[in-house]
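Visitor: Each chain, letter by letter, is given below.
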Amino acid sequence: MATITLAPGAATRRRDDATSPLRHVDLVLLTLPFAISALGLLMIYSSSRTRLGDNGVSELYYVQRQGIAIVIGVIAMVVVMLVDYRRLRDLWALAYIAILPLLVGVLVVGASRKGAQAWFDIGPLQFQPSEIAKLSIIVAVAGYCHAHRGDLDAWRLATAVVMAALLIGLVLMQNDLGSAAVLLVCAGSVLVVAGIRPHHLAVLFLLGITAVGAVVVTGTLDDYQIDRLSGFIDQSPDGTASEQTQSEYNLEQSKNAIVAGGLDGEGLFNGTNTKLSYVPEQHTDFIFTVVGEEFGFIGGATVIGLFGLLAWRLWRIALLSSDFFGTLVVMGVLAMFAFQVFENIGMTMGIMPITGLPLPFMSYGGSAIIASFAAVGLALNVHMRRFT
Amino acid sequence: MSDNGRVRVSIVGVVIVALFCALFARLWFLQVGTDAEVRVEATTRTTRVVQSEMPRGRILDRNGVELVTNRTSWAITVDRGLPEEERMVVLGQLGELLGVTSEELAENFDDVQQSPLKPAVVAFDVAEPIRIAILEHIDCYPGTHVERLTVRQYPQLLANEAPLASHLLGYVGEISGDQLADRVDEGYVGGDTIGRSGVERAYEDDLRGEPRRETVEVDPTGSPVGSPVDVEPGHVGHDVYLTIDANWQRAAEESLAQGIEAARTIQNENVVEGYEELKAPAGSVVVLDARDGSVAAMASYPTYDPRVFVDGISQVEWDLLGLPELHNPLLNRASQGEYDPGSTFKLVSSVAMTRYGIRGAGDWFDDNGFVEIRGTDFQNAGRAALGSVDLTQAISKSSDTYFYTGGFEFWKIWKAGDTERGLGMQTVAREFGFGATTGIELDETDGRIPDPDQKRELSYAINEGDAAEENATWFPADQIYMAIGQSVLVSPLQLANAYAAFANGGTLFEPRLGLQVADVDGQVLSTLESKVISRLEFDPYVRAQMLSGFNGAVQDDSGTAFAPFAGFPLDTIPVAGKTGTAQVAGKGDTSLFVGWFPANNPQYVVAAVVEQGGRGAQVAAPIVRRVIEAMNNIAGTAPVEVLDEAKD
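Top to bottom, those sequences are chains A and B. Under my numbering, think of the first position of the first sequence as 786, with each following residue one higher. Under my numbering, think of the first position of the second sequence as 159, with each following residue one higher.
Among these hints, one or two may not hold up.
Examples of chain B residues toward chain A, derived with CB under 10 Å [stated by the list, open to error]:
{"id": "1", "residue": "S168"}
{"id": "2", "residue": "I169"}
{"id": "3", "residue": "I174"}
{"id": "4", "residue": "A180"}
{"id": "5", "residue": "W186"}
{"id": "6", "residue": "F187"}
{"id": "7", "residue": "Q189"}
{"id": "8", "residue": "V190"}
{"id": "9", "residue": "R289"}
{"id": "10", "residue": "H295"}
{"id": "11", "residue": "V394"}
Simulated from the structure, these hints should not be mistaken for laboratory data. A virtual CB, placed ideally from N, CA and C, is assigned to each residue, including glycine.
The task is simple: from the sequences and hints, build the whole structure.
Guide: Below, the structure written as structure tokens:
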């Protein structure tokens, strides 16, 4: 038998290298966003085709746009993967500063219109800086904490908190309560992992409670935000249609659709509530109700399971990371996904208040899709370079 | 990583596991834990029928040319329940999106012609990018919806962009409260579209599709639950084919408009001092098939654009249509207009005078240009003496004195107590269909035939006490003027139909517009047959004499309509007809002409009436000529040429 000896080329040499990042890509984590996005496309199609048709728009309009967003997201993920995250570690301040003009700019654009606007119009596309801000806050807080070797004394903690609070404040000014909560959770998780001291955490917690109280008392919240919160607290179905507020109605319809699914669902494209567009914003925030109605408990549990798998892979990477910065960043990403999944699915089932948060990889919305892929790219980046 | 770090990562992991467990638990509870039957019972109590209209059928001409079809219009609607403050914000944002002022949108919102039951339509024919913009940011447009409306479209347009045949086609609108009360058994619901006039109304039952009905279960809040328990799919409306020929209809409308516009450039011959043009504000043309009473064309001027009703006519538009300066464009003058027929009525007088023995068809009468009866001077047009005339020439040259004297004889017989003979002219008029509706599918007038009873009633209706009695008497002049078509009121359709009955040898048809009804696949469902109202008996000799009179009017150089038909190929397409010039109190003369062709083998009757249009030969006859030319494809015909002067 002849032995074929390959000429030692660059490619083979790298492949032979046991520490080459490309040999250590987490294939499970890499596969999950594609799987969930594909399911998302199907659900977007199922939930929006009737309504789009009724409005004289191509039934595939949202699917096509979401498809484009996924392609851009994959590109973003690959780009994020290829650049060693440890360079990002030294550039955390840049990641932080770069997002500030975007968040301020969207407020200026929003001010020119009546009501708030949380996006930039770029031709036919819209860009939501708050989605990118989620990544920025993770990288910035993780970078800052890493720069101080996790030794968070009161002053350093205060600096980190002020940094995070500035971003959160800017997002709050867009009236985007949900995204602000995500930023808070991301920053909080990174700080917890970075070694925040328990008594500092307690003080911050008290400060936070006071701030929330102040917001409620001074009436800074918009009516619809109060409406959403009260709708969550009082879910008794005895109100007549006219008394029902919009969010009570949304929640009612959302729960109805999921309940209608039962164990095995009504079948793809057969969801009555879905077909008749009873659930508002179903292709965006309430996409989970389509899964729940058309695929039932089996489908819903599968989606939750897929996200659980995603969380587990992220958690695993956080532990495997070769440096503390990697751990912090991936824990931030994990917190971001976990909170959004819990909040989003939880709100469709009435165990969380309604906020305008997308379900990662599934909800229609380009900025969120791109940010989610980029976030996974960041985690993959940490994983593949754990031996270098 | 330090042990402390591992512990912290693990803590976060535990929290996340807890969250996911909560999601699983809740999902299980909602979808599997709840008893399915209890769920259904808790949410389903009553059913409701959701009804949606299907597109109306098309209206086509006899050759299948589409006159009315449907098109989709994407509209933006705004809920009426939206608080005013919020509505103003929404309208402002929509205005920005659409590039119009929010005031404009607010005006549409407040339009009283719109249904109060449905969301208010604020914009029509909205382009796709705008629809997408609204869909994508529906949060910014609370209470706003994009709706697909099916609206009537008119593929056949006139030169001035107005749809062809708008009067006879009619228009559709939202069903009114009264109509709804009458038709609720037929499945109409508030907000439905219904034919409001013309063919749209006459053939409503055919044109309207069967609405789709879905029976859905609703929960206590009124929200539908589950799949519809019953679906009646309904069907689109049937197509209605008309007897109209679109090309001829176009010729009729354009010729009428041309003739009327040209009339406004010529001198009113009744104005002796100074120069004054004919006013000619309005008129109509009717083309009837003399063989079966079907309407081949029907024009009314001024016309209107039924498309203004498409987007729910605004109060302003409605008011405009009612302005006297615009001469009531909604009125279909062909069937609703009432005119003194003038000399065209001599058709009736001739038959009556011969039948009731007033004067034989071959008897000669000396026309001096005037006649004095009981101290009153009755004269021909222009006091022109026509010399010795028989019935033929009395018709072709339009002798008034011939018929004045006949009318006076009728009066004397009536006065002597022989009511039946004395009112013979009224009897013949009724036989020809005057004084009664023709039965066409459109709104129409029954006109008026004066007689002693009618005059008495009218006088008491207008006057009071002694004055009424004074004016209630049937004087000689009443019958004398009636003999030349004054004080009679006819619609152009009645006039054409009467001439059709004479031309075809005595069959009075019910004029009709409907030819057949077919379903969406073209399968003919019903063919609408022509209906005979009655048959008239003519003495053959009298009819022959009259025929040669009508022939002579057009073909003989002494005929009143010879000039307007100068140059017309009468040898190949012989035309017979009668001019009429009717005096109207306080207004200019009505110009009338009724003709038919071929004279020897009548196929089509063409009648034209122009209000304040001068003499019959000046304006109405040239219009008829132009229509006949178009119907016979006579090439190179110029626009209608009205005559500066004419004998009558």
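Visitor: A closest beta-carbon separation below 10 Å is what the hint needs, so does I169 of chain B meet it against chain A?
Guide: Since the shortest Cβ distance to chain A is 7 Å, the answer is holds.
Visitor: At a threshold of 10 Å, is the proposed contact between V394 of chain B and chain A supported by beta-carbon distances?
Guide: With Cβ-Cβ at 18 Å, over 10 Å, it is violated.
Visitor: Given F187 of chain B as an interface hint, is its Cβ closer than 10 Å to any Cβ of chain A?
Guide: With a closest approach of 9 Å, the F187 of chain B hint holds.
Visitor: Under 10 Å is the threshold here; is the Cβ of R289 of chain B close enough to any Cβ of chain A for the hint to stand?
Guide: 5 Å, holds
Visitor: Once the shortest beta carbon distance from W186 of chain B to chain A is found, is it less than 10 Å?
Guide: 7 Å, holds
Visitor: Is the shortest C-beta separation between H295 of chain B and chain A less than 10 Å?
Guide: 9 Å, holds
Visitor: Using 10 Å as the Cβ threshold, decide whether A180 of chain B counts as touching chain A.
Guide: 7 Å, holds
Visitor: Is the interface hint for V190 of chain B satisfied, with its Cβ closer than 10 Å to some Cβ of chain A?
Guide: 5 Å, holds
Visitor: Taking the least C-beta to C-beta distance, is Q189 of chain B closer than 10 Å to chain A?
Guide: Cβ of Q189 of chain B sits 4 Å from chain A, so the hint holds.
Visitor: Just to be careful: measuring from the Cβ of S168 of chain B to every Cβ in chain A, is the smallest value less than 10 Å?
Guide: 9 Å, holds
Visitor: Let me know if the C-beta of I174 of chain B comes in closer than 10 Å to any C-beta of chain A, holds or violated.
Guide: 5 Å, holds
Comparing the model with each earlier hint shows a violation of hint 11 alone; every other hint is respected.
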